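**Q** Generate coordinates for the entire structure from the input sequences, incorporating the hints supplied.
Here is what each chain is made of, one letter per residue.
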Amino acid sequence: MIGIALSLPAGGYALLSSLRQVTQGASLEPQWSLYLHLETGRMEADALGARLKSDARVSAVRFVSREQALKELQATEGLAEVVAALNRNPLPDAFVVRPQVADATALEALAKELRALPGVAQVQVDAAWAQRLGALAGTARLAIALLAALLASGLVAITFNTIRLQILTQRAEIEISKLIGATDAFIRRPFFYLGALQGLAGGALALAIVWGSLAALNLGVAELAVSYGSSFRLMFLNLGDALTIVLFSAGLGWAGAYLSVSRYLLEIELK
Amino acid sequence: MTCSLSSPAISWRPCLISFSSVFKRYPGGQEGLKGVSFTIEPGQFVFVAGHSGAGKSTLLKLIPAIERPSSGVILVNGQNVGALKRSALPYLRRNLGLVFQDQKLLYDRSAYDNVMLPLSFSELSGREAARRARAALEKVGLLARQKAKPIQLSGGEQQRLAIARAVVNRPSVLIADEPTANLDAESAAAILDIFVAFNQVGVTVLVATHDEALIGRFAKRVLRLAKGGIVE
Ligand SMILES: Nc1ncnc2c1ncn2[C@@H]1O[C@H](COP(=O)(O)OP(=O)(O)O)[C@@H](O)[C@H]1O
Ligand SMILES: [Mg+2]
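Chains as they are written, first to last, in numbering that gives the first Met the number 0: chain A, 0 to 270; chain B, 0 to 231.
Please keep in mind that the hints were generated in silico from the structure rather than gathered at the bench.
Keep in mind the model is a prediction, meaning the values are calculated, not measured.
Note that CB positions come from ideal geometry on N, CA and C, so glycine has one too.
Some hints here could point you the wrong way.
[Unchecked claim] Heads up, simulated DSS-like pairs for lysine-lysine below, C-alpha to C-alpha not over 27 Å straight-line: (1) B:Lys103 x A:Lys177; (2) B:Lys146 x A:Lys177; (3) B:Lys146 x B:Lys84.
[As the list claims (entries may be wrong)] Beta-carbon label-pair distances, calculated as ranges: (4) B:Arg108 x A:Leu265: 24 to 30 Å; (5) B:Asp107 x A:Ala148: 39 to 45 Å; (6) A:Leu265 x B:Val72: 25 to 31 Å; (7) A:Leu269 x B:Ser124: 35 to 41 Å; (8) B:Ile65 x A:Thr138: 57 to 63 Å; (9) A:Leu269 x B:Gly125: 31 to 37 Å; (10) B:Ala87 x A:Ala144: 43 to 49 Å; (11) B:Gly125 x A:Thr138: 55 to 61 Å.
**A** This is the structure we're talking about:
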C-alpha cells in the first residue's frame, strides 16, 4: 500500500530526469527572429546589431539581409517562380538571436523590450514549442512535488493508523508498564522502530515498482528510439536519489509512529 | 528518622509515607478522601481497612501518584508526590511495589514474562534480571509454574504472581489493594503470610482490605477509613 503510493512520485521523478536529458541534448533553446521595418536603412540596422550584441540576455546574434532572405526563398523548391514574379523584394532585414534567460516571465519581458527597439517591426518567437515543453516540464515537476507531498502525508497517516492498531493490541502492556514505572521513552521506542521499518519497506517497494515499470516501458521506448536512430532509454533513479527516497520514507514512518504513540500516551494521561 | 528510596546498592531500605490534610475529589464530584492525615514509619505493616467505598483504593493510588490529591500534602521519602512532574513519576513508581486490585497481569504471557516486565525497563543486565525474576517467583512459591499463563493459575496463584511482579525490583514499600478478594480464608491467610515475610526483612507494607476477620488474625496497625475519613 505504502509502496504503491510512493511509487507514483518516484516514478514521475525518474521519467522527468530522463526527459530533462532529452531537452538538454536537443537544441531546444528558443531562437527568435527580429524583423525590421522595410524602410530601415543599413546604418540603422548596424546600430541595432551592435545594441543586440552588447546585450547579455541574447547570444548568437546573426544578421540576415533582405537580399539573403530572398535568395533563400528562391532556393526553396516551388517558390522560385513566385519570387521571380515579384517586381520588388517584399522581405525585410532580420536578426536571428538566441535569448539566454531561463524563466518564462523574463523571456516575455525580453521579447517585449526587443519589439520596442527602434527599427524592429516584429519579433517572431521561433521555438515557442521548446518553451512550452520547458513550461510543461516545470508544471510536471510541480505536480510531482505536490503528489509527493500528498503521498508523504498519506504515508504518515497510514503509519499513524497501523501503529495505532499495534498500540491497541498492546494496550494492556502499555498501561501496566506505565503504572509500574516505565518511562514514555521506553514505551515509544519499539513503535518508532516499527514505524521507521514500515516506511523503509514502503520506500523500497516503491523503488522496485518504479524499476519494474521503467524496465517494461523501456521495451517500447527502445523500439521507438531505434526507428529514430536514437539510443534513448528511460533511466532508473541514480543511487543517491534512490537512497534518499528510502531514507525519507523511513523518516516519514518514524514521524507517523511518533504522532501515533504521543497521541495515545496523551489520551491515557487524560483518561 | 532517615528515609530514602532503595538504591541499587542497598536494597530493602525503609521509607516513610506521610499524608497531611489530604482531600481527593474526583472530576465527577465524588469525594474519595476528606482530610486524611497519618504517617507510616519505615518497616511498618499497616492495614487500610473500611467498607467498600470508604476510600481505601483512593488512598493507595495517591502514593504512586496514579491519582493526584485535590489538596493536602503527600510525602513519600520526602518527595511531595502530589506535585511531582509527569516525567518523574516512573522513578517514583519503580521504588514502590504495587499489587493492583484487578492484578493487571498480562494474560497472554507466561508467569515468568509477567515478572520480567518491570525488569525490562530497569537497567539490569539480562542475566541479573533473569536471576531476580526466578528469585521473586520462588519467594511466592511459583517457580515451578513459571511457564504457565495466568489463565492456567488458580486465583491464589494469580495473586502471588502479582506479588512476585511487585517485589521483583526490590521496592522499599509494598502496596496491595484487596489482595485477598475472591480468595477463601485459607488462601487469603497464605497471601498475607507472604506480605508478613517481606515485612520481616524490612519492607514497609500497606494492605487494603475490607475483611475484618483477616485483619483480626494479624496483630498489625490498622488505618480505618469510613466515608473518606480516618476513624481509627
Ligand atoms: N475513578 C473514580 N472516579 C470517580 N469516583 C471515584 C473513582 N474512584 C473512586 N471513586 C469514589 O470515591 C469513593 C471512594 O472509593 P474507593 O477509594 O474506591 O473506595 P474503596 O477502595 O474503599 O472501596 C467512592 O465514593 C467512589 O465512588
Ligand atoms: Mg477499592
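**Q** Compare the structure with each hint and give your call.
**A** Now for the hints, and whether the structure bears them out:
no.	hint	result
1	B:Lys103 x A:Lys177	holds (12 Å)
2	B:Lys146 x A:Lys177	holds (24 Å)
3	B:Lys146 x B:Lys84	violated (38 Å)
4	B:Arg108 x A:Leu265: 24 to 30 Å	holds (26 Å)
5	B:Asp107 x A:Ala148: 39 to 45 Å	holds (41 Å)
6	A:Leu265 x B:Val72: 25 to 31 Å	holds (28 Å)
7	A:Leu269 x B:Ser124: 35 to 41 Å	holds (36 Å)
8	B:Ile65 x A:Thr138: 57 to 63 Å	holds (58 Å)
9	A:Leu269 x B:Gly125: 31 to 37 Å	holds (35 Å)
10	B:Ala87 x A:Ala144: 43 to 49 Å	holds (45 Å)
11	B:Gly125 x A:Thr138: 55 to 61 Å	holds (58 Å)
Of the numbered hints stated above, the single one contradicted by the structure is hint 3.
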